[in-house]
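*Asks:* Chain residues, written in single-letter form:
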Amino acid sequence: MTREALLVVAAFLACAVEMVEALTIVLAVGVTRGWRSALIGTATALGGLTVVVAALGPALAYLPIDSLRLVVGTLLLVFGLQWLRKAILRASGLKAMHDEDSIYRDEVAALRAAGRLPAHDWYAFTVAFKGVFLEGLEVAFIVVTFGGSQHNVGLASIGAAAALVVVLVAGSIVHAPLSRVPENTLKFGVGVMLSAFGMFWAGEGAGVSWPGSDASILGLIAFVLVIAFALVAVLKRDGSAQTTKVEAVESVEAVGA
Amino acid sequence: MKFLSRFARFWYDFIVGDDWRLAMGVVIAVPAAYVGAHGGVNVWWLLPLAVTMLLSLSVGLTARKARRH
Numbered sequence: 040m041t042r043e044a045l046l047v048v049a050a051f052l053a054c055a056v057e058m059v060e061a062l063t064i065v066l067a068v069g070v071t072r073g074w075r076s077a078l079i080g081t082a083t084a085l086g087g088l089t090v091v092v093a094a095l096g097p098a099l100a101y102l103p104i105d106s107l108r109l110v111v112g113t114l115l116l117v118f119g120l121q122w123l124r125k126a127i128l129r130a131s132g133l134k135a136m137h138d139e140d141s142i143y144r145d146e147v148a149a150l151r152a153a154g155r156l157p158a159h160d161w162y163a164f165t166v167a168f169k170g171v172f173l174e175g176l177e178v179a180f181i182v183v184t185f186g187g188s189q190h191n192v193g194l195a196s197i198g199a200a201a202a203l204v205v206v207l208v209a210g211s212i213v214h215a216p217l218s219r220v221p222e223n224t225l226k227f228g229v230g231v232m233l234s235a236f237g238m239f240w241a242g243e244g245a246g247v248s249w250p251g252s253d254a255s256i257l258g259l260i261a262f263v264l265v266i267a268f269a270l271v272a273v274l275k276r277d278g279s280a281q282t283t284k285v286e287a288v289e290s291v292e293a294v295g296a
Numbered sequence: 036m037k038f039l040s041r042f043a044r045f046w047y048d049f050i051v052g053d054d055w056r057l058a059m060g061v062v063i064a065v066p067a068a069y070v071g072a073h074g075g076v077n078v079w080w081l082l083p084l085a086v087t088m089l090l091s092l093s094v095g096l097t098a099r100k101a102r103r104h
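First to last, the protein sequences are chains E and S. Numbered by our numbering, the letters in the first sequence go through residues 40 to 296 in order. Numbered by our numbering, the letters in the second sequence go through residues 36 to 104 in order.
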């Protein structure tokens, strides 16, 4: 029961975070270039993502559960630690907070600079499609891996679908970027859950016997939370916030990679 | 060829992200847990320990680099 409930919660939170980002892009496209092409691009991307989940989800059910958990748990742990690392750097002031208002303004400026509107606006279609598909790919990855590890992609899909409905309803009511959503806090929470589930499944797949069995997931979540908060506290204590410097260091590393 | 390298780059950025050391650490820790568990030792503590060390190392190095610049 613990596993199932946490599966739905994790899929819901991860999906909500990514859909808020996708919604910002779609709103910028719709308001600036018109809604028709923006919505067609969005619908096409959602169709593509559905195909990805529908194709990969059932296929995972045929794989041996231990091998699946070993591989998926390892992937989730790598993915979750990256997510958590960014969240820790943001919470400690070492990396810029994700700001939907600023992203929205940048998108609108870029879309306006793209020039006059043709009858069928391929530019708007492409920007909306790319935004929704790329953000959604992370959701699809989480849904397929979370669901696959418990041979229950359907349950993870329910969490993702619920988040989609909540974000779409909120977006259609507000008609502006959902900047009041505590997105950075949610990302912190999702990073914690991905890392904890990654450890649990990778451990199970490796043959480790967790103390307390399924209940150890809660212990792992608490453990990762404590480590993450402790690192935030240490980083805040040790240094003044140097947001631009971390971003500069990472861009130099990316160029060198 | 260009498409393949962009495709590979996308998946690298998607999964591995900004710090390859985290991925490398996980890829070492999980097989170590497998070897331990199949060698008759219940190494349930190994992954939490690895996560603590990897996260501390990664954010610590990033913070130190930021201060040096």
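For the record, the hints were derived by calculation from the structure and aren't laboratory data. Every residue, glycine too, gets a C-beta built ideally from N, C-alpha and C. Among these hints, one or two may not hold up.
Said to hold, decoys possible - Okay, the calculated bits of chain S under chain E, using three or more residues with CB under 8 Å as the criterion:
#	segment
1	36-42
2	55-69
3	74-87
4	90-97
To be verified - Simulated restraints on C-beta separations:
#	chain 1	residue 1	chain 2	residue 2	range
5	S	R41	E	L264	32 to 38 Å
6	E	H190	S	P66	20 to 26 Å
7	S	S40	E	I104	22 to 28 Å
8	S	S91	E	V147	19 to 25 Å
*Asks:* Now, for every hint given, state plainly whether the structure supports it.
*Replies:* Now the hints, each set against the structure:
1. Judged by the Cβ-Cβ criterion of 8 Å, the segment 36-42 of chain S is not covered by chain E as claimed, because only 0 of its residues qualify and three are needed.
2. With 9 residues carrying a beta carbon less than 8 Å from a beta carbon of chain E, the segment 55-69 of chain S meets the three-residue requirement, and the given coverage holds.
3. Coverage of the segment 74-87 of chain S by chain E holds in this model, with 8 residues showing a Cβ closer than 8 Å to a Cβ of that chain against a need of three.
4. For the segment 90-97 of chain S, the assignment as covered by chain E holds, since 5 residues bring a beta-carbon within under 8 Å of that chain's beta-carbons and 3 suffice.
5. Separated by about 37 Å at the C-beta atoms, R41 of chain S and L264 of chain E satisfy the suggested range of 32 to 38 Å.
6. For H190 of chain E paired with P66 of chain S, a C-beta distance near 24 Å keeps the hint of 20 to 26 Å intact.
7. Between S40 of chain S and I104 of chain E the Cβ separation comes to about 35 Å, which falls outside the hinted range of 22 to 28 Å.
8. Our hint of 19 to 25 Å for S91 of chain S and V147 of chain E is violated, since their Cβ atoms are close to 40 Å apart.
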